[in-house]
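Asker: Take a look at the letters that make up each chain.
Number of protein chains: 2
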Amino acid sequence: MNIDPHSFKEIDPGKRILMGPGPSNVPPRVLQAMAAPCIGHLDPEFLGYMNEAQQLLRYVFQTKNPFTIPVSGTGSAGMETCLVNFIEPGDTVLVCVNGVFGMRMSDLALRLGAELIQVNAEWGRAIDPEDVRRAAAGRDLKILAVVHAETSTGACTPLNDLADIAHEAGALFLADMVTSLGGMEVDIDRQDIDVAFSGTQKCLSCPPGLSPVTFGPNAMEVLQNRKSKVPSWYLDMNMVGKYWGARRKYHHTAAVNMIYALRESLRLVAEEGLAKRWERHALNHKALVAGLEAMGLEMLVPEAERLPMLNSVWIPEGADDIATRRHLLKGYSIEIGAGLGDLAGRVWRVGLMGHTAKPRNVLLFLSALEATLRKQDVRINSGGMEAAAAVYEEAW
Amino acid sequence: MNIDPHSFKEIDPGKRILMGPGPSNVPPRVLQAMAAPCIGHLDPEFLGYMNEAQQLLRYVFQTKNPFTIPVSGTGSAGMETCLVNFIEPGDTVLVCVNGVFGMRMSDLALRLGAELIQVNAEWGRAIDPEDVRRAAAGRDLKILAVVHAETSTGACTPLNDLADIAHEAGALFLADMVTSLGGMEVDIDRQDIDVAFSGTQKCLSCPPGLSPVTFGPNAMEVLQNRKSKVPSWYLDMNMVGKYWGARRKYHHTAAVNMIYALRESLRLVAEEGLAKRWERHALNHKALVAGLEAMGLEMLVPEAERLPMLNSVWIPEGADDIATRRHLLKGYSIEIGAGLGDLAGRVWRVGLMGHTAKPRNVLLFLSALEATLRKQDVRINSGGMEAAAAVYEEAW
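Sequence lines, in order, name chains C and Z.
Counting in the working numbering, the first sequence runs from 168 upward without gaps.
Counting in the working numbering, the second sequence runs from 168 upward without gaps.
This is chain C alone, in the form it adopts within the complex:
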């Protein structure tokens, strides 16, 4: 069985403006760090980078948790890690569902043999803590899980009330922070979050492939007191923790170059500073929304519940979903995301994550969208870019 090697060309993906739900644009420094020579996963030099990556992760998570590591898989592997290490068959798990990622956690909890309580909210809305309080009342919960930043809709669920409800019910409080980490306030210790996971390819602007997770002291206690072995070997944090801990006991080969990339992306976050980074995301979001609304488009999520880094906008009447996205990509090298589930074909998801969240991308996108919609004879107002620019000018 042979193959012609010359039928495969050089990798040359071109440069896109990644305004979808992730990955976001990766800064050159991160790509360069990733291309440093691969060394051994037990090399003292590499162990130093691991320690530093952990220090930097604790900073972006705002936590003192010793167990703060990047899991060797994408955000969904982080989700699985945060459930598979704590759930034992028969445990009751409450999952809040207001989009794809809450559904995914429910699916996983069932696969792990949990008794599932689901609290739903309309897609595009935050979870109502009163609904959760009612569902949790009188139940012995092992975990209460919520998606902080629902990437499938752009809705943000505040965490403080839910943390209280979880702890009153004796449960671990688990938050999906895949899209929020590095782009808005995340403060594991102050927000009283026991278990959280994230991804690298959203507001950290690192390529996809790793999933930062953090476990607090109560979570570690639950993990150490399991009655049964963790059903996954790869994601068993009792074992993985011994590689990331002082013993450096080999478990699986770390994704060396991805860890270089993550460390560099976190270094960039630290150089900018978390508060400034959150402000930058908020400002670019405000400008984007001002531009879209000036054009006459409408946002899916009510203002008070919007995420800064993921903006779902209703597709205006007369616009062709697929043709618009294809034209933006081919003509302007701009990627935006499609709607998911019932929102497929009805909304676009416009990401402003990490390195992508810049005025020049917002203005360019508004201009390109206006041109694309006009070509389809969709009725929109002019003045989108002016409205966005005015937001920047006012802030500076």
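Possibly wrong hints are sitting among the right ones.
Dumping the calculated EDC-like pairs for lysine to aspartate or glutamate here, alpha-carbon to alpha-carbon at most 16 Å [stated by the list, open to error]: (1) Z:K182 / C:D356; (2) C:K176 / Z:E484; (3) C:K231 / C:D356; (4) C:K416 / C:D274; (5) Z:K497 / C:D356; (6) Z:K182 / C:E212; (7) Z:K542 / Z:E484; (8) C:K182 / Z:E484; (9) C:K176 / Z:E212; (10) C:K231 / C:D359; (11) C:K497 / Z:D210; (12) Z:K497 / C:D210.
DEER-style ranges, computed between Cβ atoms [said to hold, decoys possible]: (13) Z:D298 / C:M406: 23 to 31 Å; (14) C:A562 / Z:D274: 52 to 60 Å; (15) Z:P469 / C:R393: 36 to 44 Å; (16) Z:R546 / C:E439: 55 to 63 Å; (17) Z:A442 / C:R513: 31 to 39 Å; (18) C:D274 / Z:D298: 27 to 35 Å; (19) C:N327 / Z:M168: 14 to 22 Å; (20) Z:E439 / C:G485: 28 to 36 Å; (21) Z:D274 / C:N327: 38 to 46 Å.
No wet-lab data here; the hints were simulated from the structure.
In this text, a Cβ means the ideal position worked out from N, Cα and C, and glycines have one as well.
Got chain C sorted already, so can you dock chain Z onto it with the hints?
Answerer: Chain Z only, in chain C's frame:
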């Protein structure tokens, strides 16, 4: 909670000669491909690279299996994928154990609720097919699993007899090819292997982070006829297959840049050609062994059962394991591997994988080892390098 970003320096790991059990040295072309701009995981350009990576994987695996993909995790995630998708609670699974990775498969099978039959061989020896035949006799097996290339010892188990035994027992035949793929004969279709997994950081010389897997038609049938859901969501190949298949249905975000790197490393394999690559590994192995034996050192594995890419050598009397490895790394930038399990402190594992398998590395290593051992007053013969060079000269 603040952090001083200036306390973290640039990534600068130096260049090592990676002669441990993996990762191996990554060629500059692969590092460069990996540093290409990240684009979306549903971008048509990226989907093209995915298709090409699959074609190239089928070539290195020597298979027509449509289901041939890189799993988004390291080799151990591939192992878990190959067990979690097929085992249902109560299934009988036979695992051959002659080192760490057979033990790992056993551990995993038990976590998944399998009834385990273990067939053991001494560490450093191949599995005896007659032992397997006896253990399988009269049993209704779901899977018969073996490690083709046991990285923990350097022993190679031939696959043909085992494939027959598996199929006579109505089982799927599963082979761990983490270390063999790309460095010695692997021919999934001719060797009648139903399920196989590998890693990127061994003889493919790509950074760690992905695990190529391939499922044959019988395996696909077992997967599709499961009674229960796959207990892992992340590794559920029913779902992952829909992203790698024609539908391109979103499951989890692909590790975009790692796939660039894998595609480039596979392109290098195709340019060299499999037969030449296997010969190159065999020749460098022969030269290394000639050199070590000329120095008076002894190999762990009997000649007929040796892998070419992983060479375990007994630590000579009077040599300090840790001091020797540290000196090789600090003085000569050469990494070799420690022994594992009962072999810890008793053998060194010298890898000659992929890009690392070159005469200049073999000669340099022999020279550095000789100097390091002499410094410790270990009795060794001279003439190691000459013996190795003679092997090359004879072959050329």
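Asker: Going through the numbered hints above, which ones does this structure break? Give me the numbers in ascending order.
Answerer: The structure conflicts with hints 1, 2, 4, 5, 8, 17, 18 and 20, although it agrees with all the remaining ones.
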